[in-house]
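Residues per chain, in single letters:
There are 4 protein chains.
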Amino acid sequence: MTSKIIMGAIGIGRIGKIHIENILRFFPDVELRTICDIQIKPLSSWAKSLGIINTTSDPSKIFRDPDIQAVLIFSSTDTHSEFIIQAANAKKHIFCEKPIGNNLKRIRESLEAVKQNGVKLMLGFNRRFDHNFRRIKSVVTAGQIGIPHIIKITSRDPAPPPLEFLKRSGGLFFDMTIHDWDMARYLADDEVEEVYAIGSALINPSIADFDIDTAVAVLKFKQGTMAIIDNSRQAKYGYDQRVEVFGSEGAIMVDNDAPNTARIFTSNSIESDKIHHFFLERYMQSYKDEMIEFLECLRENKNPSVTGYDGIQAVLIAEAAKKSLVEHRPVAISEIDSK
Amino acid sequence: MTSKIIMGAIGIGRIGKIHIENILRFFPDVELRTICDIQIKPLSSWAKSLGIINTTSDPSKIFRDPDIQAVLIFSSTDTHSEFIIQAANAKKHIFCEKPIGNNLKRIRESLEAVKQNGVKLMLGFNRRFDHNFRRIKSVVTAGQIGIPHIIKITSRDPAPPPLEFLKRSGGLFFDMTIHDWDMARYLADDEVEEVYAIGSALINPSIADFDIDTAVAVLKFKQGTMAIIDNSRQAKYGYDQRVEVFGSEGAIMVDNDAPNTARIFTSNSIESDKIHHFFLERYMQSYKDEMIEFLECLRENKNPSVTGYDGIQAVLIAEAAKKSLVEHRPVAISEIDSK
Amino acid sequence: MTSKIIMGAIGIGRIGKIHIENILRFFPDVELRTICDIQIKPLSSWAKSLGIINTTSDPSKIFRDPDIQAVLIFSSTDTHSEFIIQAANAKKHIFCEKPIGNNLKRIRESLEAVKQNGVKLMLGFNRRFDHNFRRIKSVVTAGQIGIPHIIKITSRDPAPPPLEFLKRSGGLFFDMTIHDWDMARYLADDEVEEVYAIGSALINPSIADFDIDTAVAVLKFKQGTMAIIDNSRQAKYGYDQRVEVFGSEGAIMVDNDAPNTARIFTSNSIESDKIHHFFLERYMQSYKDEMIEFLECLRENKNPSVTGYDGIQAVLIAEAAKKSLVEHRPVAISEIDSK
Amino acid sequence: MTSKIIMGAIGIGRIGKIHIENILRFFPDVELRTICDIQIKPLSSWAKSLGIINTTSDPSKIFRDPDIQAVLIFSSTDTHSEFIIQAANAKKHIFCEKPIGNNLKRIRESLEAVKQNGVKLMLGFNRRFDHNFRRIKSVVTAGQIGIPHIIKITSRDPAPPPLEFLKRSGGLFFDMTIHDWDMARYLADDEVEEVYAIGSALINPSIADFDIDTAVAVLKFKQGTMAIIDNSRQAKYGYDQRVEVFGSEGAIMVDNDAPNTARIFTSNSIESDKIHHFFLERYMQSYKDEMIEFLECLRENKNPSVTGYDGIQAVLIAEAAKKSLVEHRPVAISEIDSK
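So the protein sequences, as listed, match chains A, B, C and D. In terms of this note's numbering, the first sequence is residues 1 to 339. In terms of this note's numbering, the second sequence is residues 1 to 339. In terms of this note's numbering, the third sequence is residues 1 to 339. In terms of this note's numbering, the fourth sequence is residues 1 to 339.
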């Protein structure tokens, strides 16, 4: 057996814990040397139960540890660029949760640092690793449905996050649609030329002061593919995640996963159980699978399939969508990118 | 346009009316010359509204009409053999509703009359013409699932007929399973060697005095295929009609038809509408399609695909199933057929 | 039995024939007195086989016949307004195929004639009578999914019509999306405020000279509902007709109808048969059901549920969509309606 | 945190490894002290990679270790009774893989030992913990479908095991249908009165010398429920695991799980991916979930829901089915149980 890959992790929230538990359970060839969080105290018993020895609230303990080969960044979006730069300058490979950042200039600087230091950077667009969407990608890539003409993405959360979160999140196009911008690019295998977006606060009028909770966006890709994304912060029936690609030779559609296949036939109706309610249930496997790829890239010196470039493109589209919403017109990505 | 085919019909109950309305609507090349029913009076306004001129309670009016080329027998089962014999002796082609009769000796005589007079006889096993079951047959025949190993037929009525009907019907194996015996033979493309049947009156204990209302039967075919049939007089959720054939290379399964494709997603469940409740909704198209074949056989001098032989085989299996139920053991068809 | 309703029909193309055959088969209380087509000769044997006696190429024979109570207009779109005006002035009730016309001024004049003469006018938006979409409407109306937030309509033809037809059709937004504009209004139960549409000729570049063959449109309704429509002239897998309404309390989705329910399981995959290929197979029942309503309106002096107002609204939205496509910006219906 | 439960495991084959890896990953409150296999050498690197320190080929090391509270028996069927007796006499709780044994007299002795020593015994009928079948059970128990009338179980393996395995397995009714006998009892919530079974070697004629590879069995339960089981050693399309319960008020049906929800629409057909091929993919979660219950029983001093009684009942039914096959007649369980 080869030697273990030694890692440190920064930002131990909900997603951070998922990744860390996955690594400890399923990746015996990784040593998670140190974990860091600004509020590390409350995490100590959790860390101990998993056998994690080094815990700190000082990220530099990770960057300065010469044994650590890779840094996992799970902290809040506003810290991503800074941590990427520090990790890159410390010559450590990086796995960073999406979105890559919230400031285009700073994001570009972080990608420059990655480039200058020759380290690997993988973005955590986990949905690319989902069994359903991956199947779409494989069918599209194999040409089974011809050239993509229309991509349709439905992405609806079961319930809105607290207002306080929403006020700091950067807005629906940044904290929620960010996955869908990436999914559209991934499936079209092309770059977005223009965005048109409409939206309102249909669920909670209090949101209207600073954001929307229901949105529809239309994308035009350079090669002609069109994409439609619809979002809602509140689908009472569960976490609705569907994608469809229509092409010159056919179409592929994925429906939601179900908790079981039971159908109950009574004198009233035919009933099935609700779809999954929570993104963790829905996407659990994808978190594991993206980490498998990251490790493979480190072991075999391959480039990650989800790059910093993908990270910045999603942010550019989100900016264009926001501008479209405000200015009530289609907005070209080039209007944003040139800044 | 060729000349019209002239027909007479005997027995104008529920099924008779369906067939006659279909003919008048969709078969402009048929002239329905005369209809006959033992209680013809109450039918006069219905007949008039359809433009049927000759109505009678005397079937010999049909048999003696030299212009009539074909007789449609929709009367009660106990009259089938008699009418087949008379029609055959009058050199008229015959379409007869299932079952072919309820007395093996008499059935054999009627088939002999058909043979002697060289007329065509088609049995009304309409399910062979159903879009779902026909699709199974085509896949099995094309060899797509290899050699059939296990055939599964579920056939459940939404609600039991009145007790009075049940007392005269000949029993579940004759009035209900008769379709399934035929379907099993049709899909296996082979003859049944042996039957084992169990059953009880689980829905209505009053039935226990003379019949069962829930049954399971297992068939062994000569070439090795096994078939399972399950019946109930009362499926609260509707008219349940499913078939599955499992073979050496795969399987084909058909589910129930639905009144629409809607799925309603709420915070409780995912709901669809109930399946069809009534056999007429479910099998309407098949009644038309079997008549298309009968006409084709007359026009093009072809032999019907559902013959008197098929009719008698279904009755033999029903007799064997009844004997199995009574004697609590597997019964070979040869025990019945030799009588 | 009440006396028959006497009708005349103008324009005996594909749709006209469907309606006429339905009436003759299923509506014994209608007398189809006279049919008219500019090319009536080739229709004579078809008419004779159905027992239609009066055939003419002169529509005034219908308008001047005092016995005729209702006129069915199945002729080409450019003639609709003229025939509506003549029928209305002759005090005849009117069933008119969609779209109501292709010239806004003329359409308004025809509706004025209808109003002045106090006759009934029903528009042939048959999809409102489809079993799937009707089920959606009933669920939405019953409040089962709350207030509609997002409506999604997919409407794709299996193959484009001939180029010659397309050049005269008025364009995709008028000959094809016209159904979808109406469906969106019908399900939202509200009026459209604004349209944004994009589209290209992705299937056949020759179309690019005068029209598009693939389109995406986004509608904003006055009460806040958003709708997304996507169209293609060529879905290789069949006639794709799906609708979904997402609301504050849930969602309802309808999938395509299937020719049968068979699933074939082999060592390669699970296969089902293609969806219907042709709009007549898919919507046959709806043509009958809309005519049932029209007759009911005549018999019981009720107002049709699909009115001239609905007809003109669909045309207004189509005009706005066309303008949006050309001017590359969202277009308010008020910009068109004020003309 | 409470103290860990200390366990030993005997028989480290395919299933044993699954259970052990689950325990080490997901049950931090268990200490797996010692593992034992008659061929322990080849397992050493696997054990080391998991951090298991004590490995042995001598089961007495486990029975004699006073710290070990529970023994997990994953060894071959013929050893189960012996190990149950030894574990029970050593006052250790027991989790034993199905079937409970292959010799009725010996099984009874082992259950007596369990009883005398007051230890807990849980049988590994993992399918009871499967998400689909568990959902059926909950619906049946809640009375949503009324009194069960007909239970249908389809259980087909993707490919037969090697002939050598089959010769030693005890036969299809013991190594494969054993799950289905238990499932039928579990869902009927009643005891089997009588079995009728037919079967042949349809897949591999070489099997005919000592066993069958395709079977149909019919069960009669004491309260009147009927059950149908069909088995095949070779379903070319994958691992087919379906169950349906039909009752006086409705029905519940579960279909196979799918690897993804994608449907591919082309000009040929609609295609989905094959169902899971392997029982481990299909039932992975159930292996974890049954262990959760076993631990709960130990922690909270509860009785396992799957008992030694369940284990012996499944064997009795298998014996009756075998006798039915040989003697070609229905066989009462009482004929076997009285021995």
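Simulated from the structure, these hints should not be mistaken for laboratory data. Where hints are given, some of them may not hold.
Where chains are identical, the list cannot tell them apart; a pair therefore holds if satisfied intra-copy or between any two copies.
In silico DMTMM-like pairs for lysine to aspartate or glutamate, Cα to Cα no more than 20 Å straight-line [to be verified]:
#1 LYS61 - ASP289
#2 LYS137 - ASP337
#3 LYS137 - GLU327
#4 LYS48 - GLU31
#5 LYS220 - GLU327
#6 LYS302 - GLU194
Hints and how they fare:
no. : hint            : in the structure
1   : LYS61 - ASP289  : neither (28 Å within a copy, 40 Å between copies)
2   : LYS137 - ASP337 : neither (27 Å within a copy, 44 Å between copies)
3   : LYS137 - GLU327 : neither (34 Å within a copy, 34 Å between copies)
4   : LYS48 - GLU31   : both (15 Å within a copy, 16 Å between copies)
5   : LYS220 - GLU327 : both (18 Å within a copy, 16 Å between copies)
6   : LYS302 - GLU194 : neither (32 Å within a copy, 49 Å between copies)
Violated hints, listed in ascending order, are 1, 2, 3, 6; each of the other numbered hints is respected by the structure.
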